[in-house]
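Chain by chain, the residues run as shown.
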Amino acid sequence: MTLQSLRALPSEAALLVRISLRNLSGSFLNLIIGMIIFAGTLFFVVGGSIINSMDTGMSQSIIGSVAGNMQVYSASSEDSPALFDNWNLPDLAAIPDFSKVRAPLMANPNVREVVPMGVGSALVVCGNSADTALERLRKAVEARPRAPRGQIESLKAHVRQIVNVIQTDYDSLSRVAVKNAVDKQSVQDLARASSDAFWNGFDADPLGHLEFLENKVAGLIPDADQIYLHYAGTDLDTFGSTFDRMQVVDGQAVPKGRRGMLLSKFVYESFFKLKSAYRLDEIHEAITTQGKKIASDPDLQEFVKQNRTETREILLQLDPLSAAKCADIVRAATGSKETALPKLLESFFDTTDANFEDRYKVFYGQIAPMLELYLLKPGDMLTIQAYSKSGFLAAINVKVYGTFQFKGLEKSDLAGSLSLMDLMSFRDLYGYVTPEKVAETKRLEAEAGARQVSRADAESELFGGDSLVGDAKEGNINDKAELGDVAQRVKSQDLVTRTYSPDEINQGIALEAAVLLKDPSKLKQTMAEIQALSDAQKLNLKVVDWQKAAGNIGQFVFVAKAILYFATFIIFIVALVIINNAVVMATLQRVREIGTMRAIGAQKDFVLAMVLTETVVLGLLFGSAGAALGSAAVAWLHHAGIPAFNVFLYFFFSGPRLYPDLSTGSLIAAFFVVLFVTCASALYPAIMATRVSPIQAMASED
Amino acid sequence: MPEIVSIVNVRKDYHLDKVIVQALQGVDLSVDAGEFISIAGPSGSGKTTLLNLIGCVDVASSGTVRIAGHDTASLSDRELTRLRLNTLGFIFQSFNLVPVLSVFQNVEFPLLLQRRTTRGERTRRVDELLEKVGLDRHALHRPSELSGGQRQRVAIARALVTRPQIVLADEPTANLDSVTGDTILALMKQMNQAEKTTFIFSTHDAKVMSHADKVVRIADGRIVAAQAAGAHP
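Residue numbers (the working numbering), protein chains in the order written: chain A, 1 to 702; chain B, 1001 to 1233.
One chain only, chain A, in its complex shape (with noise of 0.2 Å):
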């Protein structure tokens, strides 16, 4: 090639360009062609940047959440960490002292902090409401003379409304039940509870009728809430001050070194408050956030349909005032003109798309004052009871001092239902002690007056005669009274106010730990380093990443974005095939042409290249409409935002909705696609150019 072919080329090219420009225009089949290349870069522009926006947001919720960039455990573990697994614990042998492998980890130049962990289980039950209010009466009745007498008298009639309630259940009962079905002693004792005669003679002997009603009414009411909780035990203070995804919504951060807990705020909702209320809140938000309707969505539907059949928990919190407060308040929002509560209730709750704003007001602002609307509330303490490792039933009493969300999981079930407590509390759930800790603990305890019952060393003291549970107790165990022992004499409130030194929360288990990096780019390295590390150091430590620790959670996000790559893959293919088809027919129609240019002195290299460039040149043109367009609907969408259907869009989502960000990645990619796609479809069709005749020129013209 001599300098002047050289210095022809860039006219040559321009020449290629332009008769693939003019041809753009000559034939149907490149309008065909453009709008397939245009739909698959509009799809792929669309798609990717909705998944890389998804991937990075739920990324940084993972991460900045409660996984860190990393996480360690032990070695001897059977399994993997699996944090966002509600209903799979895994089997994670303790890391016997935390603080040893703290130090080591926290010399890695990109190590920013080193977070211990542990994640369990437990049922928490919480006291009904006739629990409740009875405890509320004895506490009057013992308080008295000071307690002012109509207070008595209020929660008095409260606990008889309870008592009616429940008669009234028992009725219906018996009206369907086959014979024997209903347990005469019941009957009897409700009967009892409810008579004129047993209120008359309250006064008199007090504490007596309490203790009936106690252990045999209050048994009747079959609400005790079981609420299964999951929980991360942590070192409160540097989690809080190290995962910026966590936020208090409710009371207070759990003061620094103290023992307690904070419950994810979805938990809280969802199983602590009154289901009437939860329920108008899951309607109201389904109506205002996600426009849909009651009329035509059959979950709104069944909920408005537990509301109506489920009124039961606010008939027992109320007393008979309130309960006539009430009724008025319900007949003026429904125009209703029943005198029965329960009826009225149901009424009210038979919300409509027309009426249900209006009734969700009415609720909020006139009958919840009226109401707990939680079972718990910020400031109360909890009693949580969990297997420990070696199998004993261990119970706590933590003080839940507020709730929490981690920003972008919210809403969801799949992971934002971990509650947080301070990583003593779950030593003493999780049973594990060192030996260096033992002796610490008991002086603590018998400071405290404090002593751990577990259900195995109960009964070996029970039997064995002098201790204080058999003091205490006669006969039979029973685990809702051995807790209740538990937790009088577990001097709480030392507890509670002590604060534990950093080195006091360090020095001990953890189950695993979160590591977050200063350059979340170098992860890998900094694993592999933290890896070498501890075989180094005999730390006994295993590393995984954020996704992997995250559990199946994780591995969502790379089945969606297989999804999404499959699908592209496929829309190309197809693709492919469909314009190697056309640009074979354009190329027939074009013999002519070709053969025209061979004879004048096209080589064979300048027709492949022209069949090319066309083909190239008309994805490109395409393409850019298509990534153009498509650029315009994600900043349409970055603005109006992807609504999440579901819990699982939710999370994937990291909230109530997606805002995707244009991905630079995307657009990029779909450059190359498109280059690869055009192609390599119009490889076929431009080595059959080639293959042209010059003689084809000279034919005649029909």
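If you're looking for bench data, these hints aren't it; they were derived computationally from the structure.
Glycine included, every Cβ here is placed at the ideal spot set by N, Cα and C.
Misleading hints may appear alongside valid ones.
So the derived list for chain B, only partly shown, Cβ under 7 Å to chain A, looks like this [said to hold, decoys possible]:
#1 V1059
#2 E1079
#3 T1081
#4 F1090
#5 N1096
#6 V1098
#7 V1100
#8 S1102
#9 P1110
#10 L1112
#11 L1113
#12 R1137
#13 E1145
#14 L1146
25 Å max Cα-Cα, derived SDA-like pairs, lysine to any residue [as the list claims (entries may be wrong)]:
#15 A/K184 to B/S1061
#16 A/K275 to A/K256
#17 A/K604 to B/N1192
#18 A/K542 to A/N580
#19 A/K604 to B/K1132
#20 A/K604 to B/R1082
#21 B/K1018 to A/S172
#22 B/K1018 to A/I695
#23 A/K604 to B/S1061
#24 A/K604 to B/A1068
#25 A/K216 to B/N1192
#26 B/K1132 to B/N1192
#27 A/K604 to B/L1075
#28 A/K604 to B/D1077
#29 A/K216 to A/E282
#30 A/K604 to B/R1122
#31 A/K184 to B/A1068
#32 A/K604 to B/T1072
#33 A/K604 to B/Q1105
#34 A/K604 to B/Q1114
Every beta carbon over 12 Å from chain A, so not counted as near; a handful from chain B, in silico [to be verified]:
#35 T1048
#36 L1101
#37 T1183
Given chain A, work out where chain B should sit, using these hints.
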């Protein structure tokens, strides 16, 4: 004048299914540089085949074809293409312009393929030729906007723009009315005189043959007569 086309005992067979068609059966022809000759004969006589061999778009089954000193049988496809580009010019019966290019671009096209002229040089040569064929005002038109005669003039300009030694024209006036055909032949003759370019064109029209310096008659794949124009009754 030196010999520019030398054809010695050339045979050309085509295989149509199982039948072998003997398009040329031992043809000898010699053309000197600067000649203006016509190859005449009825359809199927072999004149297009002969033109294809001279035009280096086809090769002979046997015999020797020498174009400007090159034995075409010994050349590769790439070399034959280069020979067509630099030594030959083509004028087609159906004009065969590139429909998406303007008149100017069509004429410029072979120069671009040659890759050895500057933009200025190309513009100068194309403009000069368009003026000569009387289409300087139509430089920016598309072929579809031109009449048949105008299109063939563009084709003539395109054939001459590389200053070839030989221009081949296959039935150049067959798609034109007789008046236009005459002007086209006159133009070709004028170019032949001015540039000393050798013109070889095929025709079956006696009136067209009469323009030629020499007429080579071909029938059934053989040359039956070669005579100076006007010598034939």
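Hint check:
no. : hint               : in the structure
1   : V1059              : violated (11 Å)
2   : E1079              : violated (10 Å)
3   : T1081              : holds (5 Å)
4   : F1090              : holds (5 Å)
5   : N1096              : holds (4 Å)
6   : V1098              : holds (6 Å)
7   : V1100              : holds (3 Å)
8   : S1102              : violated (9 Å)
9   : P1110              : holds (5 Å)
10  : L1112              : holds (5 Å)
11  : L1113              : holds (5 Å)
12  : R1137              : violated (21 Å)
13  : E1145              : violated (14 Å)
14  : L1146              : violated (16 Å)
15  : A/K184 to B/S1061  : violated (118 Å)
16  : A/K275 to A/K256   : violated (34 Å)
17  : A/K604 to B/N1192  : violated (31 Å)
18  : A/K542 to A/N580   : violated (51 Å)
19  : A/K604 to B/K1132  : violated (32 Å)
20  : A/K604 to B/R1082  : holds (11 Å)
21  : B/K1018 to A/S172  : violated (101 Å)
22  : B/K1018 to A/I695  : holds (21 Å)
23  : A/K604 to B/S1061  : holds (23 Å)
24  : A/K604 to B/A1068  : holds (23 Å)
25  : A/K216 to B/N1192  : violated (127 Å)
26  : B/K1132 to B/N1192 : holds (13 Å)
27  : A/K604 to B/L1075  : holds (15 Å)
28  : A/K604 to B/D1077  : holds (9 Å)
29  : A/K216 to A/E282   : violated (36 Å)
30  : A/K604 to B/R1122  : holds (23 Å)
31  : A/K184 to B/A1068  : violated (126 Å)
32  : A/K604 to B/T1072  : holds (18 Å)
33  : A/K604 to B/Q1105  : holds (20 Å)
34  : A/K604 to B/Q1114  : holds (14 Å)
35  : T1048              : violated (6 Å)
36  : L1101              : violated (7 Å)
37  : T1183              : holds (21 Å)
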